[in-house]
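**Student:** Chain residues, written in single-letter form:
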Amino acid sequence: MGFEVLLKGNNMLRLLTGLGVSLKISFVSVAISIVLGVILGILMALKNPVITVISRVYLEIVRIMPQMVLLFIVYFGTTKALGISLEAETAAVIVFSFWGTAEMADLVRGALLSIPAIQYESSISLGLNRLQTYRYVIVPQIIRRMIPLSINLITRMIKTTSLVMMIGIVEVLKVGQQIIEANRKASPTAAFGVFLVIFLLYFIACWPISMLSRYLEKKWEN
Amino acid sequence: MKKNNLKKILAATLTLALGVATLTGCGSASAKEGSAEQTSSDASATQEQSDSKVYRTLDEIKESGEINIGVFSDKNPFGYVDENGEYQGYDVYFANKLGEDLGVKINFVSTEAASRVEYLETGKVDIVLANFTVTEERAEKVDFALPYMNVALGVVSPKDKVIKDLSEIKPDDQVIVISGTTAETYLEKNYPDIKLQKFDTYATAKTSFENGTGVAWANDNTEVIAYAIENPGYEVGIPSLGSQDTIAPAVSKGNSTLLDWINGEIESLGKENFFHADYEATLIDTYGKDYEETLVVEGGKVADTSSEASSDSSEEASSAASSDAAEASTEASSAK
Numbered sequence: 001m002g003f004e005v006l007l008k009g010n011n012m013l014r015l016l017t018g019l020g021v022s023l024k025i026s027f028v029s030v031a032i033s034i035v036l037g038v039i040l041g042i043l044m045a046l047k048n049p050v051i052t053v054i055s056r057v058y059l060e061i062v063r064i065m066p067q068m069v070l071l072f073i074v075y076f077g078t079t080k081a082l083g084i085s086l087e088a089e090t091a092a093v094i095v096f097s098f099w100g101t102a103e104m105a106d107l108v109r110g111a112l113l114s115i116p117a118i119q120y121e122s123s124i125s126l127g128l129n130r131l132q133t134y135r136y137v138i139v140p141q142i143i144r145r146m147i148p149l150s151i152n153l154i155t156r157m158i159k160t161t162s163l164v165m166m167i168g169i170v171e172v173l174k175v176g177q178q179i180i181e182a183n184r185k186a187s188p189t190a191a192f193g194v195f196l197v198i199f200l201l202y203f204i205a206c207w208p209i210s211m212l213s214r215y216l217e218k219k220w221e222n
Numbered sequence: 001m002k003k004n005n006l007k008k009i010l011a012a013t014l015t016l017a018l019g020v021a022t023l024t025g026c027g028s029a030s031a032k033e034g035s036a037e038q039t040s041s042d043a044s045a046t047q048e049q050s051d052s053k054v055y056r057t058l059d060e061i062k063e064s065g066e067i068n069i070g071v072f073s074d075k076n077p078f079g080y081v082d083e084n085g086e087y088q089g090y091d092v093y094f095a096n097k098l099g100e101d102l103g104v105k106i107n108f109v110s111t112e113a114a115s116r117v118e119y120l121e122t123g124k125v126d127i128v129l130a131n132f133t134v135t136e137e138r139a140e141k142v143d144f145a146l147p148y149m150n151v152a153l154g155v156v157s158p159k160d161k162v163i164k165d166l167s168e169i170k171p172d173d174q175v176i177v178i179s180g181t182t183a184e185t186y187l188e189k190n191y192p193d194i195k196l197q198k199f200d201t202y203a204t205a206k207t208s209f210e211n212g213t214g215v216a217w218a219n220d221n222t223e224v225i226a227y228a229i230e231n232p233g234y235e236v237g238i239p240s241l242g243s244q245d246t247i248a249p250a251v252s253k254g255n256s257t258l259l260d261w262i263n264g265e266i267e268s269l270g271k272e273n274f275f276h277a278d279y280e281a282t283l284i285d286t287y288g289k290d291y292e293e294t295l296v297v298e299g300g301k302v303a304d305t306s307s308e309a310s311s312d313s314s315e316e317a318s319s320a321a322s323s324d325a326a327e328a329s330t331e332a333s334s335a336k
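The listed protein sequences correspond, in order, to chains A and B.
Taking this note's numbering, the leading residue of the first sequence gets 1, the next gets one more, and so forth.
Taking this note's numbering, the leading residue of the second sequence gets 1, the next gets one more, and so forth.
Derived from the structure by calculation, the hints contain no laboratory data.
Treat the hints loosely; a few may be bogus.
Distance condition first, Cα-Cα at most 30 Å in a straight line; then the derived DSBU-like pairs of lysine-lysine [to be verified]:
| hint | chain 1 | residue 1 | chain 2 | residue 2 |
| --- | --- | --- | --- | --- |
| 1 | B | 161 | A | 185 |
| 2 | A | 185 | B | 159 |
| 3 | A | 8 | B | 159 |
| 4 | B | 62 | A | 185 |
| 5 | A | 185 | B | 253 |
| 6 | B | 105 | A | 24 |
| 7 | B | 97 | A | 8 |
Covered stretches of chain B (chain A as the covering partner; in silico rule of three or more C-beta atoms under 8 Å from a C-beta of chain A) [unchecked claim]:
| hint | region |
| --- | --- |
| 8 | 53-64 |
| 9 | 80-94 |
| 10 | 117-131 |
| 11 | 262-271 |
None of these values were measured; they are calculated from a predicted model.
Glycine is no exception: its CB is placed at the ideal position from the N, C-alpha and C atoms.
The whole structure should be built from the sequences, with the hints applied where relevant.
**Tutor:** See the structure below:
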């Protein structure tokens, strides 16, 4: 089955170290994306024409450009064009935050706009001021609407970090490929076992996040 | 009581963020705009040759005490990582010798087929020793040193119906190739009558060949030889076909001090038959004794030279992840 190759030397430890690299990059990027995404999303909901145009362009760039191209541009492009040599991990965090911020902002904007105007009007007629309206009426609803979608985004970001192998970062999937290839002759069927273990590792990483989301959704149901 | 605390904190934070955002106006938006512009200008500028040199000269490398060498980390037996996390293989054996003779510590960088040129163009590695086939196209972007290995096309077929010459292929027979490889280009150009069966990945080509859908399989000779050795029912009828390409170390364009040093090193290592020793240490398990002279280039002197360079990388396609690599390279070029 190929599990035996994982017990050779410190293969399992290498795989876990690789997972650590993947998670480090994704969690730093997710944190940056949430903060910047919330701010940008609110700005977008203001419907200021300048902000709308800029954010549309930004969003389209993120949607059209494959993450791989962005990685190449940020990692190699900055050195070629600007002479700045970025660390591979820094480049990865920049790219994933660039992507995450755009998607997060769009989620925030969508959630904000989905609140009917009547809610604002009712709050004001109840005597709440603008800040109170957001604090007690709007934001709690936004959070609830955004949770499933943002969890989706976060898990997607974790999985997409496998692309960073293209700029020389050895993360969990790359370690897996290295192990399979190194044992190409000794255990030709190692691929199945190794990929199964990697699947489990990703599952262990993403599942608690899904659980958290389900818990929060339930908790804030009403 | 408690159950709403988290929600309250979150709500408060978001309200705060909202307030701050409203107050500071478009500060962050313009920052975003800036970064977006920056990326697009990067994209347009990638093609431009920057004036400042990106590479490190021989003296600078020696002074720093460390050399960055780009190798494959998943191409057994050329460059791979063993179970203790150590880099191994034919390319790595040579890299270690270079580091030793230079008296510096080696920092191995795991490269992919599609990004090898970029690594050198940006000076992120000093040398690429990643099964790098010399092609005219690549030679415009990087400087190749003397070769240390031969690579050509090979054709493998079942033992009971070995094809020793392409003329033996009947009009109805099909030959299996992997899309985007040198084998495909070569056969289409030189043998337009042969029917090809194209597959995107190594794995699908292999399965199909084993199921007998084609009479032969054309690929890099290193790949087909290894395949025939691992699978007893098959034989490499044509071990060397078409243009003889070579594999050589590469350095950043213009890094003449390092290039000259490597060339000198390859020549002097030739005297002690270093690459034969390298073959015996790393490749013999895969290719056996028979192919030693076919594959090894000693002292940078190719026995049977051919100036014709293939237009495509051969080893990219030989990997199981060939479609990924091809995709990456198209993406990389479209990024320019």
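**Student:** Each hint: holds or not?
**Tutor:** Structure-based check of each hint:
1. 161(B) - 185(A): Within the cut-off at roughly 26 Å; holds.
2. 185(A) - 159(B): Since the Cα atoms of residue 185(A) and residue 159(B) sit roughly 21 Å apart, the hinted pair holds (cutoff 30 Å).
3. 8(A) - 159(B): 35 Å, violated
4. 62(B) - 185(A): Distance ~38 Å between residue 62(B) and residue 185(A) Cα, so the pair is violated.
5. 185(A) - 253(B): Given that 30 Å is the threshold and the Cα spacing comes to 37 Å, the pair is violated.
6. 105(B) - 24(A): Cα-Cα ~27 Å, so holds.
7. 97(B) - 8(A): Holds, because 27 Å separates the two Cα atoms, which is no more than 30 Å.
8. 53-64: violated (count 1)
9. 80-94: holds (count 7)
10. 117-131: It holds: at least three residues are needed, and the region 117-131 of chain B offers 6 whose Cβ sits within less than 8 Å of chain A.
11. 262-271: violated (count 0)
Checked against the numbered hints listed earlier, the structure breaks hints 3, 4, 5, 8 and 11; every other hint is satisfied.
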